[in-house]
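Under the numbering used here, the first residue of the sequence shown is numbered 2, with each subsequent residue one higher.
Careful, some of the hints might be misleading.
[Unchecked claim] Pair ranges (Cβ atoms, derived):
1. Thr-251 / Ala-226: 27 to 35 Å
2. Pro-53 / Glu-158: 48 to 56 Å
3. Ala-139 / Gly-69: 45 to 53 Å
[Said to hold, decoys possible] Straight-line C-alpha distance at most 30 Å; calculated DSSO-like pairs for lysine-lysine:
4. Lys-223 / Lys-177
5. Lys-223 / Lys-33
6. Lys-177 / Lys-227
Derived by calculation from the structure, the hints in this document are not laboratory data.
Idealized CB from N, CA, C, for every residue including glycine.
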Amino acid sequence: MPSSYNALNPYLETDLWRWLLFESGLSRGQAKALILQNAQSAALSLFWQAGPETFARQLNLGDEALAGLRERMARWDGLRTRWDVERRGGVHALRINEPGYPPSLSRHLPTEQRPLLLFLRGETTLLELPLILPADDAPADEAGEAWVLDTLAELTEEGALALFMAQPGLHARLVKAFLDASIPFVLVIPQGLATYAPPSGLRRALDEERILLISPFQPEWKPPAKDANPLLSHAATFARALAEALLTLTPLQTSPFPQQPCFYPPAAAPIEHAEPYAGPEALFLRLVESGAPAASIQTAPSSPPNEPELEPISPESILETLTQGGRVPPALAARLRQKGKS
Numbered sequence: 002m003p004s005s006y007n008a009l010n011p012y013l014e015t016d017l018w019r020w021l022l023f024e025s026g027l028s029r030g031q032a033k034a035l036i037l038q039n040a041q042s043a044a045l046s047l048f049w050q051a052g053p054e055t056f057a058r059q060l061n062l063g064d065e066a067l068a069g070l071r072e073r074m075a076r077w078d079g080l081r082t083r084w085d086v087e088r089r090g091g092v093h094a095l096r097i098n099e100p101g102y103p104p105s106l107s108r109h110l111p112t113e114q115r116p117l118l119l120f121l122r123g124e125t126t127l128l129e130l131p132l133i134l135p136a137d138d139a140p141a142d143e144a145g146e147a148w149v150l151d152t153l154a155e156l157t158e159e160g161a162l163a164l165f166m167a168q169p170g171l172h173a174r175l176v177k178a179f180l181d182a183s184i185p186f187v188l189v190i191p192q193g194l195a196t197y198a199p200p201s202g203l204r205r206a207l208d209e210e211r212i213l214l215i216s217p218f219q220p221e222w223k224p225p226a227k228d229a230n231p232l233l234s235h236a237a238t239f240a241r242a243l244a245e246a247l248l249t250l251t252p253l254q255t256s257p258f259p260q261q262p263c264f265y266p267p268a269a270a271p272i273e274h275a276e277p278y279a280g281p282e283a284l285f286l287r288l289v290e291s292g293a294p295a296a297s298i299q300t301a302p303s304s305p306p307n308e309p310e311l312e313p314i315s316p317e318s319i320l321e322t323l324t325q326g327g328r329v330p331p332a333l334a335a336r337l338r339q340k341g342k343s
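All chains, please: the whole structure from these sequences, using the hints.
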């Protein structure tokens, strides 16, 4: 583990999260708990810079889990090289405690279901806009599809953004229409982004920075070639949670998530918990009422709401903990103390 990489690499904390979640051999629950315990202090990267042995001891795992962890640490350099290649290819990770993490996920998902890492490829600033998802809840006739397409295009002009799923059917047809019209959108990919090969139209839109691909799944994960994608329903749940509002052709009896507005064509019969679409102004008003960002707001909060409050760790406390695991390099100690003063 080259020390220069650890000292200068801005991706170290993110890579350690990814390693714990997907490569450490720990259960997903164990890994998430360890990450959340250190989410506000970036302590994982500080422990790692003090040395792999110190890092392993600070996780307070049992002997058996610790032995497996040490064995998997030997693969770190190879993983880091592969992840650097992915980043050069445009795939980046966003942590739950970083600016830009969608607040809609915090409102619509309980803590244990929120992805700690999101993987992105494309124009990441598109995540700052309120996302509107067409709910693929009924067979769409030509008139219904035309209404969804026109409404999403109208909302895009007013400062919202369409959110689609990469799947056959209504969403695939809408994606094609948006690509043909050069309209920006966000696309949920139900597999790992590192194994996803975008079709030519999506590649062109990515090159022109008009779209964003997003996935909550391990970048290397690929669905089976012949069987159904086992994570498709999880991707659909993620897409609904990511959206600020739904457009539906069939009025919904209940909203799928708390405080998430649902809209349907004005000609449909009224029904509880959904309302007919009356134009961009009414939709944005409902977004404000439900706590979603207004169309004019272009910045995301520094951390998602409703996250458990974690007490900040003082530099001296971190140094004391690190010292228990062995000698702390003077440069690291000085950097910690300087960080505490800033």
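Check each numbered hint against the structure and report the violated ones by number, ascending. Violated hints: none; all satisfied.
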